Amino acid sequence: MAGGRSLTAIFSPLLAVFLLACAALVAVQHAGRRHETELLAKQAATTQLRSLDTGGTAKVTWEQLRPEHVAYYPDRMYMYAGKETGIYGKMQRIGWMKGILSQGHPETEVKTFASLRNAALRAACWDESSHVLVFPSFEDYPDLHMIAKTDIKGYASAGNNVVFLGGFGSLDIMNEIFSWELTPVTYQEGPYYRSERNVHNTVFETMPSFIGAGSQDVHGVHMGSLPPNARSYYDSIGDSVVWSVRYDLGMVTYVGSSLQGSSGNAEWHRMLQAAVAI
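Going by this note's numbering, the sequence shown opens with residue 6, and the numbers climb by one from there.
Careful: at least some of the hints might be erroneous.
Think about it this way: if two alpha-carbon atoms lie no more than 27 Å apart in a straight line, the pair counts; the simulated DSS-like pairs of lysine-lysine are [unchecked claim]:
1) K88 - K158
2) K154 - K88
3) K103 - K158
None of these hints come from the bench; they were simulated from the model.
Predicted model, so just to flag it, every value in this text is computed and none were measured.
Modelling step: build the complete structure from the supplied sequences, incorporating the hints.
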C-alpha cells in the first residue's frame, strides 16, 4: 500500500503535465486553423477588390457568370406578352419581337407567357433549360403580387438574366420588384456613347462606339440613381440607356428603347441581342 501511494504520487504530476501539454497542442492547432481560414478569407476579398483607375481606388469588379465568347447565345428564353404590354394579342408584333431575339440564331427558341399569375410565371421561371426572361415595354401597370415579385427575384438570384425594355412603366416595375430608386429622365435625343471601361470583357465590347435613338423614344435613367455596382454600357450626359447589375448569382439588364417600331432600330436590335447574351 505504501508502495502504491508512492507510485501514485510520482505519476500523478506527470499525467497532469502530459494532459496540459495535449490541451495546449490542440489549442495551438485550432488557432492555426482559424488563422489560416481568416487569411484565406482576406485573400479572397483582396482578389475581388482591384484597382480600376490609376489613382488606385479599390472598386468591386465583377466575376464572369459564364465564360465570355462571341459564339455564346441562349438557346431558349421566355418573353412576357401580357395585357399590360404593347404586344398583347398582336401575333404579328409578337412574331416580330421573337424574330429580333432569334435573328442570326435559328436554333434559339423564344417562348411566351401572358400572365404574371403564379402558374404562368413559374412555368417560365422554373424552366431549368431557360436562363433569360424578357419583359417588353409596359403600357399599363401590372397587378404584381408579392409571390410574383419573389419569383422574379429568385429567378435572377439563381444565375439567370432578367431583361427589361425601355419605358417609364418598366422602370417603375423594376423599382417595385427590386426595391430600387431608379430615376427616369425625360426623353433625350442621342447619340449615346459606349463606356469603354464598363464594356471591357463583355459582349458590348464589340458593339458600336455610339448609337442613336432610332425611330422610337429612348428612356434613360439618371446614373446617380442606378443600383450599387451597376454597369452603364451606353450613356450621355449622366443618363444611362443600357445598363446591367449583378443580382446575387444573376443579372438584371435594361435596354432603354421600347423597340415598338418595325424599322429604323437595327442598332437597338443588336443592343437587345447583346443584353440577353450578357
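Give me the numbers of the hints this structure contradicts, sorted from smallest to largest. none
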